[in-house]
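**Q** For reference, the chains in residue letters:
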Amino acid sequence: MATAAPWILRLDGSSLPEKALIGGKAWSVAHMRSLGLSVPAAFVITTEACRYYLEKGTLPPELDAELEANIAWLEAQSGRSFGAGPSPLLVSVRSGAPISMPGMMDTVLNLGINDETQVLLGAECGDPGFAADTRRRFRELYASIVLKTEDHHTAVIPENVRDQLNGAINAVFDSWNSRRARRYRDHHDIPHTLGTAVTVQAMVFGNMDGNSGTGVLFSRNPITGEPVPYGEFLNRAQGEDVVSGKHTPKPLEAMRESLGDAMDELLKSSSLLEQTSGDMQDIEFTVERGKLYFLQSRVAKRAPRAALRSAVDMVNEGWVDRETALQRISSEQIRLLLSPRLVEGAAGKATVLAKGEATSPGVGVGLVVADADETETRAAKGDAVVLARPTTSPNDLHGMIAAKAILTEQGGSTSHAAVVGRALGRPCVVGCGAGSLEALAGQVVTVDGSTGIVYQGALEVFTPREEDDPALHLVAQWAAVVAKVPVLAAAPAGVMPVDFDENLEQSAALFASLQPGAVVSGALFANDEKAVHSAIAAGAATIITQPVLPALLAAAHAALANRG
Amino acid sequence: MTPSHIVLHGLAIKKHAGPADIAGLIGLDETTTATLLAKAATGGRAVEVSGKYMLSGLGRIALDADYSRHYDEVRENAAFMSAYEAFEVINVTLKGLITDWQTMEVGGQRVTNDHANKSYDDGIIDRLGKLHERAEGILAKLSSVIPRMAYYSKGLLEALEKAEDGDIAWVSDAKIESYHTLWFELHEDLLRIVGRIRSE
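Residue numbers (the working numbering), protein chains in the order written: chain B, 502 to 1065; chain W, 483 to 682.
A portion of the hints provided could be inaccurate.
Now the stretches of chain B that chain W is said to cover, found in silico as 3 or more residues with beta-carbon under 8 Å [as the list claims (entries may be wrong)]:
| hint | stretch |
| --- | --- |
| 1 | 603-612 |
| 2 | 679-691 |
| 3 | 717-725 |
| 4 | 896-903 |
| 5 | 911-922 |
Please keep in mind that the hints were generated in silico from the structure rather than gathered at the bench. Given the structure is predicted, the values throughout are model-derived calculations rather than measurements. Positions of the beta carbon are idealized from the N, C-alpha and C atoms, including for glycine.
In isolation and in its complexed conformation, chain B is listed as follows (with noise of 0.2 Å):
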């Protein structure tokens, strides 16, 4: 086939092509280079060769070629050399689909290391703990991404760097037929012939010497929405020091010392690339011996708080309208921002009767009960009751949604206890030690699923309301342009709604004999965004719950979404 467009693309900023060709993770490579952003030299295999090889059940003849020249200008670009040394280079290998979907192979790191550069690699770092650490690694992900097998000790992982990267293209793009990603795009109706990309991207070392790291950051507190930049940096280590835990990062202060200029570039960099995406970003760098690198940009993760301020300070900076703010805050993050607390000073004079790991936030407050049947049956005479038990099974779930907080002896956060809790919305405090909670039954407690404590007796709580928050106000008004229908606190005088609490077994059949017009009410409302969606399908014309906020936002999203 003579084709004249090549199968393989540099990423060094050139041009932007797109991501159907090169996929969405080399296209968040190419855009972060070609805002002149520094970036680990990266080539990416286009979706071109992954429909050859598709079609054909072999790569195109001329790739062999390609991938010789690219390797070249990978080691030209890097300084290191692929199997050799004295600086060997290492690569990562990922999958990049046009569209992401589940079923897509993982990412291979440190590619490129077997028994000569691994003691090239520990010379160079002088860690050659750190060296060995990288090839157990490689071997692992190898031989479970690439081999298919859960045992890695009787792998046999290619000697030749050559092979192994042979070995992760094919598997990249044999995963694009996996089964997982098959039925995701039938689903989907996404055309199976669209195929995916793959990009080869020079590994960096955070652990080369002092003056290297590696740290994220965080356009803006990721927590408070404060529109700071928040990072996290570690001296002298690799991103799997981070992921894994064994290590504490510092605050992003501690680059200030010995790699000033580095986070000059970091901090300019990060709002350069907030505006150009206009979202709050996430960002993962690494310092090479002095030498910052973008390793990935990302929609940034953030508390609800965070949602709620810096959605409405970016509309005040004019970087979103209105419409789009909106778009960022769910319901479910406005009924966490409204869920009750303890009243500040409340919990100080209390007496703390057990104390656990914190696995469910929220108050609860309630009569210790032990037993999931007994739980039951008190709540549903009106009691409120606190479910305390040494471990939690699926006998107990019951009790479990019954009650108003749960409580172990047993356990981590992971256990049942934790796991139902959460899924339930219910504050839970779990392993706080076993006979901890036998002597509680009886008695009214506090549970705060925040802090893990349990305090004695009934502690004043409050409910924030959306009208004392400034932010949660805007918020309001701004859904309430947008919104087709009006959610209110309260039924106006005479109107007799459609009350949706006293038939929740009901709603289907509720919705669907609804007559236009019809004037809805029920807490269903509040807390079920779906709900709040059938309502409007149906016909209705006003929607009565409280609080009022997370319907009206949903009310506001039904409308943005029905504009297309």
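For this one, chain B is given, so just place chain W on it according to the hints.
**A** What follows is chain W alone, placed relative to chain B:
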């Protein structure tokens, strides 16, 4: 395993269950299950409340006393036991994964995952899919010894696919047969079969 025992076993896994809720789990059809449940109620081993059954105290004792007799052979079956041990290993991974689903690390703090960041959620559902592929291998081995175990394969896959298609409640919602709900039931089932006690 006798029918009268397996129906009690089904009730131990799914409390407050009707015939339709446990027939699949115990590998019998609904009509047979309904008959067995009614019989268990008549014999005082189960209690019926508006079509749903739960074990009585007597039923629980009868059930627990009989496991070793019914599952003696299985407990001696090396292939089954090694598959069970493999399940315990990925169970640890699953628990960590569900924690990452429900909470996320933001700026050095663990906060509730409000599911507003789709790429974070997609990443975890993708991990769940990869874990499921490992689980399928294990379940195939378990089912070759106890055929009714195939019920979990099917149910877990259904929950996974609903989650992949965007209905994210199917990852860990405790009120439906979500991936985590079913996984936990599977674990409970296995613990009873092999005669061990859950370690949290």
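**Q** Please list, smallest to largest, the hint numbers that this structure does not respect.
**A** none
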